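Participant: For the sequence shown, our numbering assigns the number 603 to the last residue and increments by one with no breaks.
Simulated from the structure, these hints should not be mistaken for laboratory data. Computed from a predicted model, the values in this text were never measured in an experiment. Even glycine gets a Cβ: it sits at the ideal position worked out from N, Cα and C. One or more hints might be untrue.
Okay, the calculated beta carbon distance ranges per label pair [what the hints assert, rightly or not]:
(1) Arg-435 to Thr-345: 30 to 38 Å
(2) Lys-492 to Ala-599: 22 to 30 Å
(3) Ala-599 to Gly-225: 35 to 43 Å
(4) Gly-225 to Arg-416: 41 to 49 Å
(5) Ser-344 to Arg-416: 50 to 58 Å
(6) Arg-416 to Asp-339: 49 to 57 Å
(7) Arg-598 to Thr-540: 30 to 38 Å
(8) Lys-152 to Lys-53: 25 to 33 Å
(9) Ser-509 to Lys-450: 16 to 24 Å
(10) Arg-465 to Arg-103: 58 to 66 Å
(11) Lys-336 to Gln-106: 16 to 24 Å
(12) Lys-149 to Arg-378: 32 to 40 Å
(13) Ala-333 to Thr-553: 18 to 26 Å
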Amino acid sequence: MSRVLRKLDIMHCPWILITRTQLKMASNSCKVLAFGAGAVLTIFVVERVKKWKTATQVGKKIQRKRQQCKAARANVEEVLRECGMTCDQAKTIVALPYMELQRQLQNGSLTALQVLHAYQIMALEATDRLNCVTEFLPEAEAIAQSLDKLDKKNGPLHGIPVSLKESFELAGNDSSAGLGHWLEDYKSQDAVIIQVLKDLGAVPFVRTNVPQTMMLSETNNPIFGRTLNPVDLSRVPGGSTGGEAALIGAGASVLGFGSDVGGSIRQPSHCCGCYGLKPTLERMSRKGHISLAKGQTLISGAVGPMSRDFDGILESLKHCLSDLHFALDPQVAPLKFNDSIFSSTQPLRVGFYDYDGYCRAVPACERAVLIAKDTLERLGHTLVAFTPPHVRDAIPDLYIKTITGDRGEQYMSQLRKDIVVPEIAKLTFPHTLPRWLLWLLSWIVQAAAKDPQVGRALRAPLGLRGVNDWFQHAVQLQQFKDEFLASWRELKLDAVICPVSATVALPHSETVNVINTFSYAMLYNILNYPAGSMPVTKVTSDDVSNMAKYPNTTFGNKCVIKCMQGTEGLPVNVQVVGLPYQEELVLRVMSELDKGLRAEQDG
1 MSRVLRKLDI MHCPWILITR TQLKMASNSC KVLAFGAGAV LTIFVVERVK KWKTATQVGK
61 KIQRKRQQCK AARANVEEVL RECGMTCDQA KTIVALPYME LQRQLQNGSL TALQVLHAYQ
121 IMALEATDRL NCVTEFLPEA EAIAQSLDKL DKKNGPLHGI PVSLKESFEL AGNDSSAGLG
181 HWLEDYKSQD AVIIQVLKDL GAVPFVRTNV PQTMMLSETN NPIFGRTLNP VDLSRVPGGS
241 TGGEAALIGA GASVLGFGSD VGGSIRQPSH CCGCYGLKPT LERMSRKGHI SLAKGQTLIS
301 GAVGPMSRDF DGILESLKHC LSDLHFALDP QVAPLKFNDS IFSSTQPLRV GFYDYDGYCR
361 AVPACERAVL IAKDTLERLG HTLVAFTPPH VRDAIPDLYI KTITGDRGEQ YMSQLRKDIV
421 VPEIAKLTFP HTLPRWLLWL LSWIVQAAAK DPQVGRALRA PLGLRGVNDW FQHAVQLQQF
481 KDEFLASWRE LKLDAVICPV SATVALPHSE TVNVINTFSY AMLYNILNYP AGSMPVTKVT
541 SDDVSNMAKY PNTTFGNKCV IKCMQGTEGL PVNVQVVGLP YQEELVLRVM SELDKGLRAE
601 QDG
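Sequences and hints are given; from them, build the entire structure.
Facilitator: Here is the structure:
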């Protein structure tokens, strides 16, 4: 019996040994897994705590800012109650065209204080409906009072109320770019353009809303919330100067200032039916205008005016190009307004196109270009069909690659410290992925959506890996500028007219899905050409019906078709473009087109 047991023991001994080894290894593996799970859980908890802490800290700043804005508004409302101006009186003043308002302020028929109160009343009404004003400026009352005490009018903008995009720095105030954690960083002096406006006699009276990071074509942020379109509340007013456009489009501001790095003046003007001008970068000072990407200088944001009518754009640019402006910022080209170019009656050669080769414009935007073309031809100008070269490659390979050349790190680093709105989270999601995963995702999305533009846009920032790549990218950008200018020169063009955007105002939260539609504006940021945006027509029922002919083969196109339902009555602008430093020529074309369109309407 013992012999049998010894045999069994010998037979099972290896099995016993293996089992014990495996158990030991399994025990160690469990410890490793437990340690790994604990580490992951710890990281998760730490990150959640960080986010909670960030949200709490930022939330407190936001609440304090809202209280400040609420108090400033309450002060304005108290002053307005005491002044006794009625809503009807305010509407009478606000209805005055820019030149008539300027005339009555200059001859004393209206005081600066009366005009200020009228616009404050209308701004209160507009922001209650649209959420376009971030804050009422308490110093406006004192500025207007001081102007009224002067024996002599203080400049050509004497008493003109001016609204300002929230991104312009004001002494003693903060500028957030829609980021909560940027609040309470109080500035020591006004932006240069605000100093110039005050010197000309203007009265800054409100600041207007922006999208978070100012890199979105709609206006929403965690501090002030979402701004609505004055024509259709279900749609965007555009971005990033969306609050400004909404206020002007609602008739509650006669003159405002914004900035434009990808259409941010022109596209909101298009959405809200007002006038806007993106000058050449070096024509107006950007000093004192905040930006999240100042280190990127190949494509930068320009500062420019917006107005309810053309004369507001003309007069503000003409007078802002002043000696003080040039003295305060030597980086600005010291070029005074050249009235001989603007006033010339020599016939022009104007190029036109309704398709840029990248994104097909909807019927309403195509028709607006043809209306502008026919009007300019009747005025004696020669209109020439123009095909902008290589836009299909320029948008992803030059614009998107430049703006996101650091994989969006400057923006992401700020968003990590903030409460993020859904539209920005969706826009920046690709920047959170490893390079290899983004590359793979881009091809998957491209195949699934049957849309090569989406894939190329996602892959655009992956091509820049170092300084040498950036240098070569700058060379490619300059080559594109040279080729574009050669095409322009070959046709001997003086100016060009084209769509501002491929669509009219979009529904809220849809802009991220159709970024390709903004190619018409982005092109002239790449080139640094001055470009104006002006209303020409409105969407008709035929325009909506003709969307049935719009190509629907890609994800982007299908989104456009969906978004353009129910757009009848929305404003449609055209874009007027000139060569660098030819703002006067752009304004001349805009002026003649504006007068021609009005004459046709009156006839």
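Participant: Verify the CB-CB distance for Lys-336 and Gln-106 against the hinted window 16 to 24 Å.
Facilitator: holds (21 Å)
Participant: Please check whether Lys-492 and Ala-599 have a Cβ separation lying inside 22 to 30 Å.
Facilitator: For Lys-492 and Ala-599 the Cβ distance comes to about 28 Å; the hint holds.
Participant: Lying within 50 to 58 Å: is that true of the beta-carbon distance Ser-344 to Arg-416?
Facilitator: holds (53 Å)
Participant: Could one say that the CB atoms of Gly-225 and Arg-416 fall in the range 41 to 49 Å?
Facilitator: Given about 22 Å between the Cβ atoms, the range is violated.
Participant: Using the C-beta atoms of Ala-599 and Gly-225, is the stated range 35 to 43 Å upheld?
Facilitator: holds (42 Å)
Participant: Holds or violated: 32 to 40 Å for the Cβ distance of Lys-149 and Arg-378?
Facilitator: Given range 32 to 40 Å: violated, Cβ gap about 49 Å.
Participant: I want to verify a distance hint. Is the separation of the beta carbons of Ala-333 and Thr-553 within 18 to 26 Å?
Facilitator: Since Ala-333 and Thr-553 have Cβ atoms about 45 Å apart, the given range 18 to 26 Å is violated.
Participant: Does the beta carbon distance between Ser-509 and Lys-450 stay inside 16 to 24 Å, or does it fall outside?
Facilitator: Between Ser-509 and Lys-450, where Cβ atoms are some 23 Å apart, the hint holds.
Participant: Using the beta carbons of Lys-152 and Lys-53, state whether their distance is inside 25 to 33 Å or not.
Facilitator: violated (56 Å)
Participant: Holds or violated: the 58 to 66 Å window for the beta-carbon distance between Arg-465 and Arg-103?
Facilitator: Between Arg-465 and Arg-103, where Cβ atoms are some 59 Å apart, the hint holds.
Participant: If you check the beta carbons of Arg-435 and Thr-345, does the distance land in 30 to 38 Å?
Facilitator: violated (57 Å)
Participant: Against the range 49 to 57 Å, how does the distance between the Cβ atoms of Arg-416 and Asp-339 compare: consistent or not?
Facilitator: holds (50 Å)
Of the hints listed earlier, those the structure fails to meet are numbers 1, 4, 7, 8, 12 and 13, in rising order.
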